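In order, the protein sequences belong to chains H and F. When the letters of the first sequence are read in order and numbered with my numbering, they come out as residues 1 to 773. When the letters of the second sequence are read in order and numbered with my numbering, they come out as residues 1 to 148.
Simulated from the structure, these hints should not be mistaken for lab results. It is possible that some hints are incorrect.
[What the hints assert, rightly or not] Computed cross-link-like contacts, DSBU-like style, restricted to lysine-lysine with a CA-CA straight-line distance of at most 35 Å: (1) H:Lys-361 x H:Lys-445; (2) F:Lys-99 x H:Lys-763; (3) H:Lys-727 x F:Lys-99; (4) H:Lys-555 x H:Lys-25; (5) H:Lys-591 x H:Lys-525; (6) F:Lys-99 x H:Lys-57; (7) H:Lys-591 x H:Lys-555; (8) H:Lys-445 x H:Lys-521; (9) H:Lys-583 x H:Lys-361; (10) H:Lys-591 x H:Lys-436; (11) H:Lys-25 x H:Lys-521; (12) F:Lys-70 x H:Lys-712; (13) H:Lys-525 x H:Lys-360; (14) H:Lys-729 x F:Lys-70; (15) H:Lys-727 x H:Lys-712; (16) H:Lys-99 x H:Lys-583; (17) H:Lys-521 x H:Lys-436; (18) F:Lys-70 x H:Lys-763; (19) F:Lys-75 x H:Lys-71.
[What the hints assert, rightly or not] Just so you have them, the derived chain H footprint on chain F, three or more residues with Cβ under 8 Å: (20) 13-26; (21) 39-45; (22) 64-74.
[What the hints assert, rightly or not] Ranges of calculated distance between the beta carbons of each label pair, as one might list FRET restraints: (23) F:Ile-28 x H:Phe-608: 49 to 55 Å; (24) H:Glu-713 x F:Ile-28: 39 to 45 Å; (25) F:Phe-96 x H:Ala-647: 49 to 55 Å; (26) H:Lys-22 x F:Phe-33: 42 to 48 Å; (27) H:Leu-612 x F:Phe-96: 55 to 61 Å; (28) F:Lys-99 x H:Thr-702: 53 to 59 Å.
Since the structure is predicted, the reported quantities are computational estimates derived from the model, not experimental observations. In this text, a Cβ means the ideal position worked out from N, Cα and C, and glycines have one as well.
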Amino acid sequence: MLILLNLIFVFAFFILLLRSSKDSKYFKFLSILPFGLFLYFLSFLQSVQDSGAVLIKNDWIPSMGISLDFKLDGLSLLFSLLITGIGTLVFLYASSYLKRHIYLNRFYCYLTAFMGAMLGVVLSDNLITLFVFWELTSITSFFLIGFNNEDEESRKSSLWALSITGLGGFFMLASFVLIGHVTQTYTISELLTQSSVLVDNTYYYFIIFFLFAGAFTKSAQFPFHFWLPGAMKAPTPVSAYLHSATMVKAGIYLLARFTPILSDGDVWNLTLMIVGGTTMFIGAFTSIFKRDMKSVLAYSTISALGILVFLLGLGTETAIYAACTFVLVHALYKATLFLITGIVDHETHTRDLVILSGLKKVMPILAIAGFIAALSSAGIPLTFGFLSKELIYGATTESAVWTNESVIGLTILAFLTNVFLTSSGFLAGIKPFFGKLPEQFNEIKMPDPFLWIPPVLLSALTLIFGVAPWLVDQSLLQSVAANVYGSSIGQFLSLWHGFNPVLYLSIATIAVGTALYFVIKPSEKLENKLSVFEKISPQYIITELSDQTRIFAFKYTHFFQNGYLRIYVMYIIVFFIGVVGYKLFADVPLKVNTEDLSAFRIYEFIIFLITLAAVYIVITTTSRLTSIAALGIVGYCICLIFVFYGAPDLAMTQFAIDTLIVVLFVLVLFKLPGFLKFSNTKIQIRDGIVSVAFGGLISLITLQALVYPSDKEVSRFYADNAYLLAKGKNVVNVILVDFRGFDTMIETIVLSIAAIGVYGMLKYKLKDGERSE
Amino acid sequence: MEKDQNNGNSADNTVLRTSTNYLLPLLILFSIFVLLRGHYLSGGGFVGGLIASIAFVLHSFAYSPEETIKLFRFKPMFLIPIGLTLSFLSGILPTFLGKPFMTGVWFADSVVVIGAFGTALVFDLGVYLVVIGVVLTILFTISQNVEE
């Protein structure tokens, strides 16, 4: 499986070799890849059903507990099938939808890489690996949302999506690290047995809230939901794939995966219920007032994600079962609606629901597909949606678990949400097709089969599973629910439960929802009324906050990064004096040991005098070259001191470096005009104080270091083993090329980057004619 | 702005040029010597590289940076990737023998001057080349930039 995943990524980059325009007819064959994967995962159906899970182990960094272990259980399998199955259809669809787009090859590269990353997320059995793939989905989706990169809105939306999901991912990593810290393992299947260790831990609340931050941002939960409508700037196949069926469900996957591990029956569930409940209500309510078909779908998707979180929060057997079923139900009907929206947009060049109507005359097959999807979203019997709606109401009305007040509250919330969703489903799936066909649409033909087959296929599945739920129930959904619930589920999907409150609720939902659809017509006026709330919306607050941050960052940077090297150097030195000086005077008893110092030798004294004289020249001279030469003398004097105290390697290097520095300075300064008087007495006094303080501090530290016996263990190890282990007698060099060879390698790379930097900066300027002289 | 033409082709460079002609090979030989002895005595790739760079800088002072680049037949910048590759290969070699990355592998035990010959020396040679490449790239780029 590891090789398979790797191949997906490699394959993604090979796609770039195809030429967008000339090879455009070959792109549809790329869908063989997701289809093959779909069949591959389908072949695991039986073994997952029999044995529960298939484990594949690969070591990555065993010393840190990081592995590339993959685990295929019911939950992973459901998501893998969704990713590859809907992936196949989207691959087919996009080949026609984006025909002859000049970056078609890039598009497929991103899409394939995204698919690989998403599979990685749902298959990983290791938290760190999961995180890596998780971030990869954020990055690939960034490219997909911003695919129309010449559109400013598109770029902005993709940046928002990346920032929000990236921020969440960051918190999620923190949560994972804490989990690893508490349980000493990153392996998810091992965590299942450590549930109580985690729940009783002092870090428990940090763990779950950081995890929530990751899941809620990815799955567009309130108050982070606003990136999802923005992400609709992406081409429609992307919206269908990422923003309804797969990526946004990654957060749901994460929560579902951790429900048996982290659920404490209290805070975990309550938070999910509140956040999910808020999200599902707000999303559904907003969706019925939108004019843009895609916006309707975006908000109803937010609502659906809210429902999933809400159900996971309820956490009862029925609720979990309902959530698992709803994942599949929603993926099927929402992807259908998105794909249909894409076709409508592609053929009529508008998505405005006020204009669109009567398209069933020109696209009859699509009208049927849209109709089925809308019915499924409304939960009309004989569609798959009916079954999940029954389960949702079943979950909120379980009188055995909830008190009477909660039953009423939860049910009303679910009822309202479902009413709105029914209405918005009709808006997107039925409204464009029924009524009178406007004249300008008379000429529209059926689109080509690659466009209409995918939505029709999906809606057919909606119908098939609705009539014959056992096809997916026993084989898949049972084991999914068992994975999330922690033990097997004692229920089955069935078409008929008898006359009970749940059925009445379903009927009422459909009736009220349909009525609402006929009462509320999308119009500009309604949309404007709704925009009053924007001032208090999370989007407004967060955007405002980020703008303020940017302004602050700008001011801050201007204050500290003012472009004068001398100021930078002074900041660094003053900061150093402040921090180190404080530590030295506050914590260390100052003691200068004068007894063990060796006596002054005459040549040391001479060197000292030369240095002093050279420093004096540097300060007082009015010629640049003289000061450089004098600085060189100071450097050579230091080399001599190294020689006196037995550090020949250091001295050699210092000699060479000093020579080169003088040469470099001469090269640069040679052509500059003579000394100008830059500084007045005030600045000179300031510089003097800083310099003396710095020099004094360093001397003090050096003297202090002599007082305390130093730890010789490391140096003794190197000295003892240089010849034994590395066959070298020069310890300094053995450390450089052998013991710490890796450091040296990195340092050479840093040096190279510096050289490339200098070269790039100077050459670039010359070529551009930007030099002012 | 005042321009000093002393860098070019005047006669008072004769002494410097003549001595450079002899010093350049000597210094380079010396730098290689420093590089090779590094494993047993003071020296090594870094210092060796610096000494070699100084030799070339001296040459560019006596003639001009362009003349020095001509000695190379290619831009000194290309020494950087060559050196990095050498270091990296020396590190990766042990992995083919089933040892961890950058484990020392020894080919011969007692060679004159060098001592033991192994991947450490190849690595050091890489460092030597990178240092020459980096120093010369920076100095020549700056000096050419100043002249224009």
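Okay, the hints, checked on the actual structure:
1. The suggested pairing of H:Lys-361 with H:Lys-445 holds, with an alpha-carbon distance near 10 Å, which does not exceed 35 Å.
2. Simply put, F:Lys-99 and H:Lys-763 have alpha-carbon atoms about 43 Å apart, too far for the 35 Å limit, and the pair is violated.
3. The suggested pairing of H:Lys-727 with F:Lys-99 holds, with an alpha-carbon distance near 17 Å, which does not exceed 35 Å.
4. About 53 Å separates the Cα atoms of H:Lys-555 and H:Lys-25, which puts this hinted pair outside 35 Å; it is violated.
5. Note on H:Lys-591 and H:Lys-525: the hinted pairing is violated, with a Cα-Cα distance of about 81 Å set against a maximum of 35 Å.
6. The straight-line distance between the Cα atoms of F:Lys-99 and H:Lys-57 is roughly 23 Å, inside the 35 Å bound, and the hint therefore holds.
7. Restraint check for H:Lys-591 and H:Lys-555: not satisfied, since their Cα atoms lie roughly 44 Å apart, outside the 35 Å limit.
8. Straight-line distance between C-alpha atoms of H:Lys-445 and H:Lys-521 comes to about 27 Å, which keeps the hinted pair within the 35 Å bound.
9. Distance restraint check for H:Lys-583 and H:Lys-361: the Cα-Cα separation of roughly 82 Å exceeds the 35 Å cut-off, and the hinted pair is therefore not satisfied.
10. Distance check on the hinted pair: H:Lys-591 and H:Lys-436 sit about 96 Å apart at the alpha-carbon level, beyond 35 Å; violated.
11. Proposed proximity of H:Lys-25 and H:Lys-521 is contradicted: the alpha carbons are some 41 Å apart, above 35 Å.
12. Between F:Lys-70 and H:Lys-712 the alpha-carbon distance is near 50 Å, which puts this suggested pair outside the 35 Å criterion.
13. Only pairs whose Cα atoms come within 35 Å are accepted, and H:Lys-525 paired with H:Lys-360 is accepted, the gap being roughly 27 Å.
14. Proposed proximity of H:Lys-729 and F:Lys-70 is contradicted: the alpha carbons are some 39 Å apart, above 35 Å.
15. Straight-line distance between C-alpha atoms of H:Lys-727 and H:Lys-712 comes to about 22 Å, which keeps the hinted pair within the 35 Å bound.
16. For the hint linking H:Lys-99 to H:Lys-583, the alpha-carbon distance of about 67 Å lies beyond 35 Å, and the restraint is violated.
17. Note on H:Lys-521 and H:Lys-436: the hinted pairing holds, with a Cα-Cα distance of about 15 Å set against a maximum of 35 Å.
18. Of the supplied pair hints, the one linking F:Lys-70 and H:Lys-763 holds, its CA atoms being roughly 19 Å apart against a limit of 35 Å.
19. This hinted pair does not check out: F:Lys-75 and H:Lys-71 have alpha carbons roughly 53 Å apart, beyond 35 Å.
20. Judged by the Cβ-Cβ criterion of 8 Å, the stretch 13-26 of chain F is not covered by chain H as claimed, because only 0 of its residues qualify and three are needed.
21. With a threshold of 8 Å between beta carbons, the proposed coverage of the stretch 39-45 of chain F by chain H holds, since 7 of its residues qualify and at least three are required.
22. Counting residues of the stretch 64-74 of chain F whose beta carbon lies closer than 8 Å to any beta carbon of chain H gives 0, which falls below the threshold of three, so the coverage claim is violated.
23. Distance hint check for F:Ile-28 and H:Phe-608: the Cβ-Cβ separation is about 36 Å, which falls outside the suggested range of 49 to 55 Å.
24. Checked against the given bound of 39 to 45 Å, the beta carbons of H:Glu-713 and F:Ile-28, roughly 41 Å apart, stay inside it.
25. A C-beta distance of roughly 37 Å is found between F:Phe-96 and H:Ala-647, which places it outside the suggested range of 49 to 55 Å.
26. A hinted range of 42 to 48 Å is violated for the C-beta pair H:Lys-22 and F:Phe-33, which are about 60 Å apart.
27. Taken as a hint, the range 55 to 61 Å holds for the pair H:Leu-612 and F:Phe-96, whose Cβ atoms sit roughly 57 Å apart.
28. Our hint of 53 to 59 Å for F:Lys-99 and H:Thr-702 is violated, since their Cβ atoms are close to 41 Å apart.
Violated hints, listed in ascending order, are 2, 4, 5, 7, 9, 10, 11, 12, 14, 16, 19, 20, 22, 23, 25, 26 and 28; each of the other numbered hints is respected by the structure.
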